[in-house]
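Chemist: In order, the protein sequence lines correspond to chains A and B.
Going by this note's numbering, 159 is the number at position 159 of the first sequence; the sequence numbering is gapless.
Throughout, this note's numbering is defined as the position within the second sequence, counted from one, plus 385.
These are computed hints drawn from the structure, not numbers from a lab.
No experiment lies behind these values; they were computed from the predicted model shown.
Glycine is no exception: its CB is placed at the ideal position from the N, C-alpha and C atoms.
Hints may contain errors.
[As the list claims (entries may be wrong)] Interface residues of chain B toward chain A, partial, derived using beta-carbon atoms under 10 Å: (1) MET459; (2) ALA460; (3) ARG461; (4) ASP463; (5) TRP466; (6) PRO490; (7) GLU494; (8) VAL514; (9) GLU532; (10) LEU533; (11) LEU547.
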Amino acid sequence: MPDQTAGGAVTMRLGLLRLTDAAPVALAATSGLFSEEGVTVALSVEPSWANVADKLAFGLLDGAVMLPPLALAMELGLRPAAARILVPMSLSLNGNSVVLKEELAAHVLQGGARPPALEAGRRLARLLRGERRRPRLAVVHAFSTHDLLLRYWLAASGIDPDEAIEMTVVPPADMPEALAAGRIDGFCAGAPWGAVAARNAAGRAVVLSSGIWRNHPEKCLAVRADWAERHPCALRAVLRALLRAGPACDDPARSASLAALLAEPGWVGVPADLVAASLTGGAGGDVDRSLFAAHAAAFPWRSHARWFAEQMARWRSLPAEAASRAERAYRPDLYAEAARDLGLPVPGADRKTEGGHDAPWSLTTDSAPLSMLPDVFCDGARFGS
Amino acid sequence: MRCDAAWLLLSRQAARVAVSELKVLLVDTEPERARILEAHLASAGATVTVRLRPGEQLPEAVAREAPDVIIVDMARPDRDWLDDIRRATHRDPRPVAMFVDVDDPAFMEAAIEAGVSSYTVVGTAMPDVKPVMRAAVAIFRRYRQVELELQRAESSLRERLLLDRAKSFLMKHRRMTEPEAHRWLRRQAMERSRRVADIAAELLRDAGEEEARKNA
């Protein structure tokens, strides 16, 4: 059924978690960008990814700030509550840290600056050879960017994550306390929780996620396919509002005010300086920085979807054709419509060679070329070339 | 006939064994709601209910108790740990899978709206699990209604006066603290499926009658 209302009377129920990279949604909501674009968005801050997925699956949410692997797991039916999901835009690049407890971190860092990711991994591998007990490392969800990046890094360093590591799941906000209490030996989580652990002296970041895959995709916008089909104009309005919010989130001059907004109890609710550390221009903090808009950060590259699906298939059984189904769930065509409404350039291709760029490069678009950032992997691998 | 009777007896025994073996791990941030649900399940006689020990983490409790069914308050962030069939299987030979009533999305929606989710061991007979889950959804839903009523009562002047008077009566004559009085009213409303304001009015009316009797 076509969208008769041009978005005005339609409300999108949008779920999210208390994380720094919810910034574009938070900003679009608080600065009135959604209503300027003619759509109502009702935000629902959820305590767990499982809640987001369940509510999305049973229609209590229409969309969510989502982990791309979880969105794809729902679409592929890997999680019991399956649902048709589409991904019309990415929301952020980078932003996670691998934090190890102090005694492991001291060995990996060896009193110096943080080494390249692969060197850090090899030092950890040497240390683990002498250990009887497998270290317990936590990620935020079984279907997460964190899980796939951590496994990629461990495997590239010669550590089999299924054999040499006990992988577990801990909510991001509980990571610092679980590390301090000795329930886990390390974790991979998004901002600001790595910075919180460092402040508590529970552990230190030994690898940043951008060191595993430079400028990797992190969160995406996941939307129920049936909702998107019923309300194309409202969806387009939501995308426009988020595309407009992105550059402000990248703006160093606005990091302090953005951090103050996110630090409020209803949002992330931790000290603003820890939130600011993961934003561009934020001072201090030994954590990865998120990128929201510049260098086509919000473009839903089908090569990203394929990489996620192929990595998921590496560690668990996946249905045949999972990678091509994942690619189809990513919808650069919907991004293109909203971007053109705003006069923003649209990449001339839906895929790029992931890992194929070790220096800034130039991307052909429908208007002026766009400057792009490197996308190399810690082990130099290339995907999709 | 004898054959039928024996079969009936056997199937009853089998049913009783299967039912009595159902162990429910109840993980709820609201101790009072958990108590009510536990009492309800116990009175139905179908289950053994276990809870987290103080300070215990969810993975430890699952490993210790090896429950057949896990009922989880959706407000708990550690639910994400349960969201992975494969890892739970790896840790514990009893496979844990999410219980989703795929044939009954309206029921699932009601459960999510009430704020409760459940996980069950693969192979646990669905007829055994269904009543447990229905009871959980009913009690979570009622709890939420009572919470909303309490909020509304706080904002309506007349009802707030009634609540305040009922609370001060409980504090004075039953030596409760303010939070205890609050909980008492809420529990009465939940257990008797009545509005909180009605419970407060009834309490004050009964107290008034008693006072009148004493004075007579």
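Chemist: So, as I understand it, the hint says B/ARG461 touches chain A; can you test that by seeing if any CB pair is closer than 10 Å?
Modeler: holds, 7 Å
Chemist: Can B/VAL514 be said to touch chain A, with a Cβ gap under 10 Å?
Modeler: Where the cut-off is 10 Å and the nearest Cβ of chain A is about 14 Å from B/VAL514, the hint is violated.
Chemist: Just to be careful: measuring from the Cβ of B/MET459 to every Cβ in chain A, is the smallest value less than 10 Å?
Modeler: This hint holds: B/MET459 lies near chain A, its Cβ roughly 5 Å from the closest one there, short of 10 Å.
Chemist: Does B/PRO490 pass the interface check with chain A, least Cβ-Cβ distance below 10 Å?
Modeler: It holds, given that the least Cβ distance between B/PRO490 and chain A is near 6 Å, below 10 Å.
Chemist: At a threshold of 10 Å, is the proposed contact between B/ASP463 and chain A supported by beta-carbon distances?
Modeler: holds, 6 Å
Chemist: Against chain A, is B/LEU547 within 10 Å by beta-carbon distance?
Modeler: violated, 31 Å
Chemist: For the hint on B/GLU532, does the least C-beta distance to chain A fall short of 10 Å?
Modeler: Hint on B/GLU532: violated, closest Cβ of chain A at ~17 Å, above 10 Å.
Chemist: Would you check whether B/LEU533 satisfies its interface hint, that is, whether its CB is within less than 10 Å of any CB in chain A?
Modeler: violated, 17 Å
Chemist: Does B/ALA460 meet its interface restraint, that is, does its C-beta lie within less than 10 Å of any C-beta in chain A?
Modeler: With Cβ-Cβ at 6 Å, under 10 Å, it holds.
Chemist: Does the nearest C-beta of chain A fall within a distance shorter than 10 Å of the C-beta of B/GLU494?
Modeler: This hint holds: B/GLU494 lies near chain A, its Cβ roughly 5 Å from the closest one there, short of 10 Å.
Chemist: Is the interface hint satisfied for B/TRP466? The criterion is a beta-carbon contact with chain A at less than 10 Å.
Modeler: holds, 4 Å
The structure fails hints 8, 9, 10, 11 (numbered hints given earlier, in ascending order).
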